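Q: Each chain, letter by letter, is given below.
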Amino acid sequence: MALQFLRRWWKIIALVLLLIFPWLFRAPYYHVLGFNILLYALMATSWNIMGGYTGYKSLGHAAFFGFGAYLAAIAANQLGWNPLISAPVLAIVVAIVAMVLGWVMLRTSGSAFVIATIAMLLIFRLTALNLRGITKGAPGLSQPLPPWTPEFSRMPFFYYALVWLIIALWVSAYIRRSRFGLGLVAIRDDEGKAEMVGVNTTLYKVLAFGVSAYFVGLGGGIWSYHASHISPIFAFDIIIGVDMILMTMIGGLGTLWGPVLGAFLLVPTAQYLLFKFGASSFYLVINGLLMILVILFLPKGILPSIEEWLEGRKAPRAAHQGAMSMAEMHGLTDSSLSSDKEGK
Amino acid sequence: MTTSLLRTENFSRRFGGIQAVQECNISVPEGSITGLIGPNGSGKTTLFNLITGVYSPDEGDAYFYDRPITNLSPSQICHQGLSRTFQITRLFWEMNVLENMIVPVRQVGFRALLGPNMFRHEIDRAMDLLERVGLTHLKDERASKLSFGQQKLLEFAAILMAEPTMVLLDEPAGGVNPTMIRFIMDLIRELNQKGVTFLVVEHNMGVVMELCNNVIVLDQGTKIAEGTPDEVQANPAVLDAYLGN
Numbered sequence: 001m002a003l004q005f006l007r008r009w010w011k012i013i014a015l016v017l018l019l020i021f022p023w024l025f026r027a028p029y030y031h032v033l034g035f036n037i038l039l040y041a042l043m044a045t046s047w048n049i050m051g052g053y054t055g056y057k058s059l060g061h062a063a064f065f066g067f068g069a070y071l072a073a074i075a076a077n078q079l080g081w082n083p084l085i086s087a088p089v090l091a092i093v094v095a096i097v098a099m100v101l102g103w104v105m106l107r108t109s110g111s112a113f114v115i116a117t118i119a120m121l122l123i124f125r126l127t128a129l130n131l132r133g134i135t136k137g138a139p140g141l142s143q144p145l146p147p148w149t150p151e152f153s154r155m156p157f158f159y160y161a162l163v164w165l166i167i168a169l170w171v172s173a174y175i176r177r178s179r180f181g182l183g184l185v186a187i188r189d190d191e192g193k194a195e196m197v198g199v200n201t202t203l204y205k206v207l208a209f210g211v212s213a214y215f216v217g218l219g220g221g222i223w224s225y226h227a228s229h230i231s232p233i234f235a236f237d238i239i240i241g242v243d244m245i246l247m248t249m250i251g252g253l254g255t256l257w258g259p260v261l262g263a264f265l266l267v268p269t270a271q272y273l274l275f276k277f278g279a280s281s282f283y284l285v286i287n288g289l290l291m292i293l294v295i296l297f298l299p300k301g302i303l304p305s306i307e308e309w310l311e312g313r314k315a316p317r318a319a320h321q322g323a324m325s326m327a328e329m330h331g332l333t334d335s336s337l338s339s340d341k342e343g344k
Numbered sequence: 345m346t347t348s349l350l351r352t353e354n355f356s357r358r359f360g361g362i363q364a365v366q367e368c369n370i371s372v373p374e375g376s377i378t379g380l381i382g383p384n385g386s387g388k389t390t391l392f393n394l395i396t397g398v399y400s401p402d403e404g405d406a407y408f409y410d411r412p413i414t415n416l417s418p419s420q421i422c423h424q425g426l427s428r429t430f431q432i433t434r435l436f437w438e439m440n441v442l443e444n445m446i447v448p449v450r451q452v453g454f455r456a457l458l459g460p461n462m463f464r465h466e467i468d469r470a471m472d473l474l475e476r477v478g479l480t481h482l483k484d485e486r487a488s489k490l491s492f493g494q495q496k497l498l499e500f501a502a503i504l505m506a507e508p509t510m511v512l513l514d515e516p517a518g519g520v521n522p523t524m525i526r527f528i529m530d531l532i533r534e535l536n537q538k539g540v541t542f543l544v545v546e547h548n549m550g551v552v553m554e555l556c557n558n559v560i561v562l563d564q565g566t567k568i569a570e571g572t573p574d575e576v577q578a579n580p581a582v583l584d585a586y587l588g589n
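Residue numbers (this note's numbering), protein chains in the order written: chain A, 1 to 344; chain B, 345 to 589.
Hint data in this document are derived by calculation from the structure and do not stem from the laboratory.
A quick note: this is a predicted structure, and the numbers were derived from the prediction, not measured.
Just so it is clear, CB atoms sit at the ideal spot from N, CA and C, and this is done for glycine as well.
Treat the hints with care, since some could be wrong.
[To be verified] Derived Cβ-Cβ restraints for the label pairs, each shown as a range:
1) B:358 - A:115: 27 to 37 Å
2) A:291 - B:526: 50 to 60 Å
3) B:431 - A:295: 25 to 35 Å
4) B:361 - A:123: 33 to 43 Å
Modelling step: build the complete structure from the supplied sequences, incorporating the hints.
A: So this is what it looks like as C-alpha cells:
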C-alpha cells in the first residue's frame with residue numbers, strides 16, 4: 001500500500017522536497033551543494049542521451065561544458081548579457097558546433113571514438129589557453145556578480161538548475177518514447193543492422209550528439225555565472241566529463257532516472273570527502289574505487305539491476321509459454337504437451 | 345519476357361589478395377524467386393553486401409528498377425524497397441519482439457522522427473505479421489530470449505515491415521528443422537504471390553530446387569551458369585565447380 005503510494009507520487013514528493021530544500025537548510029553551503037547536485041544531474045542526463053541511449057561514450061563532454069561557460073562569460077562581459085538568460089541561447093551554438101565535430105568524430109566507434117572525444121577536449125582547452133585576446137588565457141575570465149542581494153545567496157541558481165533539470169528529463173523521456181529514441185537504441189544494439197533496415201544512422205547519431213551537448217553547454221553557462229571566475233584548467237577539466245559518466249553508470253546507463261540517481265549519490269559523497277580531507281584530490285581515489293565496484297558488482301547500474309531482479313522472478317513463465325506455442329505451430333500437440341498447457 | 349528488377353554490371357571487389365567478386369553480371373527478373381548458389385567462398389554473401397551497400401564495389405554498378413544504387417548508403421537502399429536478412433541472424437537483442445518489428449518501418453522527415461515510437465496502425469500491422477509467423481504471444485519478450493528458429497522468423501518478419509519489393513535472403517533454411525523449413529518456404533511463396541521478388545542464397549539444394557524458378561550459380565566471384573533448376577543441375581560447369589575436375 002505504502003509502496004504503491006510511493007510509486008505513484010514519488011516524483012511529486014521529490015519535487016516538493018527539492019522546492020523546500022533551500023528554505024529548510026538555510027546555510028549557503030547547502031545551496032551550493034544542492035546546486036551542484038542538480039547541475040550534475042542535468043549534465044549526466046544529457047550525456048546519457050548519447051552515451052546511454054546511443055552507446056557512444058564520449059569522454060570529452062567537458063569540452064562542451066567549458067565552451068558553454070566561456071560563451072556565457074564572454075557574452076556577459078562584452079555584451080552585458082545575463083548568463084541566466086543567455087546560457088540557453090548560447091548553448092544552441094555549443095550544440096551546433098558539437099554536431100559539426102560529431103559528424104566527423106562519429107565516423108569512428110568504440111575506443112577510437114572515445115580517444116577522438118578526449119582529443120577534442122584537449123584542443124578546446126588549448127584554444128582557450130591560447131586565444132588570449134578573447135579568453136584572457138590561463139588566468140581566466142571574471143564576470144559581473146549576480147545582481148540579487150547576498151541573503152538570497154545561491155538560491156536562484158538552485159531553482160534555475162532545477163528548472164533545467166526538469167526540462168532535460170522531459171526531453172530525455174520524450175526522446176526515449178519517440179521513433180528517434182527507438183532508432184538510437186537500435187544503433188546501440190547493432191549499428192550495421194540498424195542502417196540496413198533503413199535507419200539513417202549518421203543523422204541520428206549527429207542529432208543525439210547535438211542534444212547531449214546542448215544541456216552540458218547550458219550547464220557550463222550556469223556554472224560560469226555561479227563561479228563568477230573561470231579558467232581553462234577548471235572549465236575544460238576531463239574530470240567533469242568523467243563524473244557525468246560515473247554518475248550515469250552507477251545509476252543505470254541508458255535509463256531515464258539513472259543519471260539523476262547517480263548525481264544525488266555521488267555529488268554529496270565527493271563533497272563530503274572534500275570537506276573531510278580538505279581540498280585534496282582524495283575524492284578521486286574514492287571515485288575510482290566506486291567505479292571499480294560498480295563495474296564488478298553492478299555492471300548495469302542500480303536501476304537496471306533492480307529491474308532485472310524483478311523481471312527475473314517472472315521470466316520462467318514466459319519461456320514456458322513460448323515453448324508451448326512453438327510446439328503448437330509445429331503440430332506437436334501430443335497429450336503430454338497439451339495436458340501441461342492448461343495448468344499454466 | 346519479364347523485366348529485370350535488380351541487376352549488377354561488372355561488379356568487382358577485392359579484399360587484399362582475394363578477388364571476392366569478379367566482373368559479376370547478374371539480373372534478377374521481377375516477380376521471381378531466384379536462387380543464388382555456389383561453393384563456399386564463391387562470393388555469394390559478398391555480392392549481397394555489395395548490393396545492399398555494406399561494401400562499395402571496386403568497379404561496376406548495381407541497378408534497382410534501372411536506377412543506380414551503387415553510391416547509396418544501406419539505409420537509402422533499404423528505402424528504395426530492397427531489404428535483406430543475414431546468414432547469422434541479426435536482431436536488436438536488447439529490444440523486445442515488437443520493437444524489433446517497428447524499427448524497420450519506413451519513416452520520412454522530422455515529424456515522423458519526433459512522433460511516438462509506434463503508431464497504432466504500425467502495431468496492428470506488426471501483430472498481423474507476427475501472427476503469420478507464430479510469434480504473437482512473444483511480442484513483449486526480449487529478442488535474445490527467443491529460440492534460434494524464432495529469431496530467424498522474427499528477422500524475416502521484421503524486414504517485411506519496411507514493405508520491400510525485393511528481399512535478399514541469406515540462407516533462410518540454414519540450421520532450421522525440416523518443419524520450419526517447410527513453413528519458411530510457404531511464407532516465401534505466399535509473399536512472392538503478392539508481388540515480392542526474392543533472391544535467395546541457400547545451401548540446401550532440395551529447398552533451392554523446389555522453391556526457385558530461376559537459379560544463378562557463382563564460382564570464384566563470377567557467374568558461371570543460370571537457368572531453371574533442372575537446367576542448372578544438368579550443367580557440367582556447375583558440377584565442376586562443386587566437385588572439382
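Q: Look at the Cβ atoms of residue 431 of chain B and residue 295 of chain A and judge whether their distance stays inside 25 to 35 Å.
A: holds, 34 Å
Q: Could you see if the CB distance from residue 291 of chain A to residue 526 of chain B stays within 50 to 60 Å?
A: holds, 53 Å
Q: Take a look at whether the Cβ-Cβ distance between residue 358 of chain B and residue 115 of chain A falls inside 27 to 37 Å.
A: With Cβ atoms ~30 Å apart, the hint holds.
Q: For the hint 33 to 43 Å, verify it against the beta carbon of residue 361 of chain B and that of residue 123 of chain A.
A: Holds, since residue 361 of chain B and residue 123 of chain A (Cβ atoms, about 39 Å apart) stay within the stated range.
Consistency with the previously given hints is maintained throughout, with no hint failing.
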